[in-house]
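So you can see what is in the structure, the chains are spelled out below.
2 protein chains.
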Amino acid sequence: MVGLAEFEERAGVIELAWGHPDPRLLPVTALRQAGDRALRRYGADALGYGNPAGAPPLIDMVRRRLAEIDARSPAADEVAITAGSSHGLDQIATLLMDPGDVALVEAPTYHLALKILRDHPVQLVSVPSDGRGLRIDALAEAIRGVRVKGGRPRILYTVPTFHNPTGLSLSGRRRRELVALAAREGVLIVEDDAYRELAYDGPPPASLWSLGRPGTVIRLGTFSKSIAPGLRVGYMTAGAATISRFVDGGMLDSGGGNSHFVALVVAEYFRAGGYARDVQRLRVAYRKRRDRMLRALERHMPKGTRWTRPAGGYFIWVTLPPGHDTRELQPIAVANGVGFAHGRTFFGDAPGGVQSLRLAFSRYPPATLEAAIRRLGSALSTA
Amino acid sequence: MVGLAEFEERAGVIELAWGHPDPRLLPVTALRQAGDRALRRYGADALGYGNPAGAPPLIDMVRRRLAEIDARSPAADEVAITAGSSHGLDQIATLLMDPGDVALVEAPTYHLALKILRDHPVQLVSVPSDGRGLRIDALAEAIRGVRVKGGRPRILYTVPTFHNPTGLSLSGRRRRELVALAAREGVLIVEDDAYRELAYDGPPPASLWSLGRPGTVIRLGTFSKSIAPGLRVGYMTAGAATISRFVDGGMLDSGGGNSHFVALVVAEYFRAGGYARDVQRLRVAYRKRRDRMLRALERHMPKGTRWTRPAGGYFIWVTLPPGHDTRELQPIAVANGVGFAHGRTFFGDAPGGVQSLRLAFSRYPPATLEAAIRRLGSALSTA
Numbered sequence: 001m002v003g004l005a006e007f008e009e010r011a012g013v014i015e016l017a018w019g020h021p022d023p024r025l026l027p028v029t030a031l032r033q034a035g036d037r038a039l040r041r042y043g044a045d046a047l048g049y050g051n052p053a054g055a056p057p058l059i060d061m062v063r064r065r066l067a068e069i070d071a072r073s074p075a076a077d078e079v080a081i082t083a084g085s086s087h088g089l090d091q092i093a094t095l096l097m098d099p100g101d102v103a104l105v106e107a108p109t110y111h112l113a114l115k116i117l118r119d120h121p122v123q124l125v126s127v128p129s130d131g132r133g134l135r136i137d138a139l140a141e142a143i144r145g146v147r148v149k150g151g152r153p154r155i156l157y158t159v160p161t162f163h164n165p166t167g168l169s170l171s172g173r174r175r176r177e178l179v180a181l182a183a184r185e186g187v188l189i190v191e192d193d194a195y196r197e198l199a200y201d202g203p204p205p206a207s208l209w210s211l212g213r214p215g216t217v218i219r220l221g222t223f224s225k226s227i228a229p230g231l232r233v234g235y236m237t238a239g240a241a242t243i244s245r246f247v248d249g250g251m252l253d254s255g256g257g258n259s260h261f262v263a264l265v266v267a268e269y270f271r272a273g274g275y276a277r278d279v280q281r282l283r284v285a286y287r288k289r290r291d292r293m294l295r296a297l298e299r300h301m302p303k304g305t306r307w308t309r310p311a312g313g314y315f316i317w318v319t320l321p322p323g324h325d326t327r328e329l330q331p332i333a334v335a336n337g338v339g340f341a342h343g344r345t346f347f348g349d350a351p352g353g354v355q356s357l358r359l360a361f362s363r364y365p366p367a368t369l370e371a372a373i374r375r376l377g378s379a380l381s382t383a
Numbered sequence: 384m385v386g387l388a389e390f391e392e393r394a395g396v397i398e399l400a401w402g403h404p405d406p407r408l409l410p411v412t413a414l415r416q417a418g419d420r421a422l423r424r425y426g427a428d429a430l431g432y433g434n435p436a437g438a439p440p441l442i443d444m445v446r447r448r449l450a451e452i453d454a455r456s457p458a459a460d461e462v463a464i465t466a467g468s469s470h471g472l473d474q475i476a477t478l479l480m481d482p483g484d485v486a487l488v489e490a491p492t493y494h495l496a497l498k499i500l501r502d503h504p505v506q507l508v509s510v511p512s513d514g515r516g517l518r519i520d521a522l523a524e525a526i527r528g529v530r531v532k533g534g535r536p537r538i539l540y541t542v543p544t545f546h547n548p549t550g551l552s553l554s555g556r557r558r559r560e561l562v563a564l565a566a567r568e569g570v571l572i573v574e575d576d577a578y579r580e581l582a583y584d585g586p587p588p589a590s591l592w593s594l595g596r597p598g599t600v601i602r603l604g605t606f607s608k609s610i611a612p613g614l615r616v617g618y619m620t621a622g623a624a625t626i627s628r629f630v631d632g633g634m635l636d637s638g639g640g641n642s643h644f645v646a647l648v649v650a651e652y653f654r655a656g657g658y659a660r661d662v663q664r665l666r667v668a669y670r671k672r673r674d675r676m677l678r679a680l681e682r683h684m685p686k687g688t689r690w691t692r693p694a695g696g697y698f699i700w701v702t703l704p705p706g707h708d709t710r711e712l713q714p715i716a717v718a719n720g721v722g723f724a725h726g727r728t729f730f731g732d733a734p735g736g737v738q739s740l741r742l743a744f745s746r747y748p749p750a751t752l753e754a755a756i757r758r759l760g761s762a763l764s765t766a
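Sequences listed follow chains A and B, in order.
Position 68 of the first sequence, counting from 1, maps to 68 under the numbering used here, and the rest follow consecutively.
Plus 383 on top of the position in the second sequence (first one is 1) and you've got the numbering used here.
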């Protein structure tokens with residue numbers, strides 16, 4: 001029988017390629033108690049077909065939490081519960097895109113979002129970034145280019161906050177330019193906001209959703225990073241008409257709200273104060289890991305190597321001096337006991353990333369991260 | 384705040400339109416205990432990103448259970464866990480159909496399956512049934528008709544066992560003819576097998592999946608009817624290559640296995656013997672309800688009315704004497720304190736169903752069903 005987990009650790013290898021949480025940080029006991037309480041409190045209501053928009057206690061929790069960690073809190077009809085962000089993105093492609101429509105994507109970007117979009121009959125067009133994230137001028141140019149060829153630029157998928165893979169956040173200025181441009185051009189922004197809760201140097205930036213005019217941005221939130229990915233529950237905030245499109249769709253009409261029972265477990269966990277407490281605990285733990293990895297990079301990387309200094313999330317993006325190819329480095333690094341994700345992975349069909357690699361500091365304690373970076377440095381001397 | 388449940392009862396109305404379980408029959412306590420045990424047994428493994436095919440203990444349970452209630456048990460690589468059948472059907476349309484492909488559907492059929500398919504860029508073509516279910520000759524003709532117009536008949540969506548809305552099961556002979564025809568024509572059968580566990584007069588018929596050549600049928604199973612719909616967990620059995628297409632898709636690669644945590648709760652419930660015990664309890668309870676509704680129909684329906692005598696599932700299909708229109712009857716029935724689903728609902732764009740209605744005997748105890756049918760009879764005298 002195969003293992004329970006998607007993650008597989010190779011013997012003797014510290015796996016920094018995977019954007020997974022540390023199992024030791026998952027709130028097993030608190031969720032066990034929340035599950036017990038949810039079924040005592042809601043009884044059979046937790047087990048029947050749920051409200052298609054999602055369990056109201058979880059919608060209420062999302063609204064209350066976003067009032068604390070974002071610049072605006074959604075109205076009740078601006079929220080729907082998803083079965084996680086991956087599922088939310090899949091449903092956006094199904095319900096809001098027509099065959100042949102264009103999805104604009106950043107380069108680099110979350111590689112599996114590209115894979116989800118490619119499962120649909122849509123076209124992907126990459127937009128380049130620079131050291132400060134998505135280039136708004138390049139986006140304007142890409143939109144023009146799509147239109148010239150008769151295409152319909154329908155969505156932009158972007159991770160503006162604690163980006164995957166770079167860890168960077170888009171500046172306030174670029175955020176405002178981006179929402180204005182997208183609104184002007186009629187391009188719907190799909191904001192992957194997975195890492196908002198994991199802010200290590202003060203509050204996270206205001207979401208694009210909070211800055212955009214109603215109806216111009218869908219933000220995908222998730223509890224995969226702030227609680228546990230195995231729950232498969234997240235949310236979207238969007239204009240009320242967009243939310244209606246999901247709620248009135250066949251899947252939710254037929255099956256009732258996404259992840260109904262689990263949504264009530266999460267709401268109960270929140271009600272008991274576990275969520276706020278444990279997110280704070282995660283921030284402290286991951287901040288230490290980020291800091292330790294940054295210090296280790298200073299110590300072990302060859303001259304001329306650059307890396308990002310993320311204020312949140314899971315990832316540091318490392319760019320080696322000219323002449324390196326991280327795909328070629330990969331087997332050498334694994335032989336030295338460290339795994340990473342090579343940069344090309346995140347560029348889809350666009351150029352770039354050859355000298356770069358993504359490191360996740362989420363899964364291991366600080367001392368193990370230190371050892372991993374030492375091994376990476378040693379692999380680089382060998383290569 | 385809106386209610387937790389999708390179901391809404393109108394004051395004074397017995398609602399027979401909804402295919403929902405009786406909340407009093409949902410195993411609240413047993414699932415509370417199973418949730419507790421699952422987190423004690425699996426710990427953080429229940430909360431991380433799960434194996435994309437689904438949690439192995441639940442796959443194992445599906446294989447063991449189908450060995451008891453179907454003619455063949457799937458191999459491990461012939462099963463994937465879904466987030467319920469609605470989600471499974473949605474994913475079939477996304478991953479296995481191209482824009483413009485044709486989905487053949489029965490008339491009548493489960494109306495929300497039509498709605499799920501219509502959310503995708505595919506065409507629906509209805510195939511007529513008779514009193515013994517889907518007509519295989521009509522299916523052959525429909526396939527020819529699609530091909531003549533240059534279309535590609537990609538799937539047939541069908542509910543062969545304890546059908547929704549009629550309650551009928553396809554005969555063994557038609558099953559064999561159907562799988563042979565579909566294989567010959569290269570049409571993939573999507574078998575909605577939601578009601579298999581709810582068999583009241585002996586074992587259910589062998590599934591199309593068990594009769595078909597490997598790779599020619601996908602069966603959608605669910606725990607919504609046999610445990611609780613709010614869990615949002617089900618499974619599919621299919622050829623190993625088809626399963627791979629789902630497992631290798633972007634959504635599962637990104638998010639890990641569907642409903643991972645809940646899948647382990649269900650596996651634990653099964654392991655403790657709760658599943659087998661409670662399904663037996665459901666069969667006994669629903670059999671009484673079916674019998675009571677059938678007797679009440681004898682007593683209260685006007686002469687010339689016909690109805691099905693289902694051997695399982697949730698539904699009885701009633702056809703009134705010529706001249707009736709159940710859409711017009713509906714408000715009169717509601718005024719008399721009983722709701723039903725009118726027959727046109729289940730025909731999509733195809734003709735039929737004007738004189739028919741669907742009654743669910745799942746949600747209320749026998750005495751209430753008796754009262755409901757008395758009210759329906761009284762509404763019919765008025766109409």
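No lab work stands behind these hints, which were simulated from the structure alone.
Be aware that a few hints might be false.
[Unchecked claim] Selected chain A positions facing chain B (in silico; Cβ < 10 Å):
no., residue
1, V13
2, D22
3, L31
4, A67
5, I69
6, S73
7, D90
8, G257
Keep in mind it's a predicted model, so treat the numbers as computed, not measured.
For every residue, glycine included, the Cβ atom is placed at its ideal position computed from N, Cα and C.
Hint-by-hint comparison with the structure:
1. V13: violated, 18 Å
2. D22: Given a least distance of 9 Å, the restraint on A/D22 holds.
3. L31: holds, 6 Å
4. A67: With a closest approach of 16 Å, the A/A67 hint is violated.
5. I69: violated, 22 Å
6. S73: violated, 15 Å
7. D90: holds, 5 Å
8. G257: At about 7 Å, which falls below the 10 Å cut-off, the nearest Cβ of chain B leaves the hint on A/G257 intact, so it holds.
Hints 1, 4, 5 and 6 from the earlier list are contradicted by this structure; the remaining hints agree with it.
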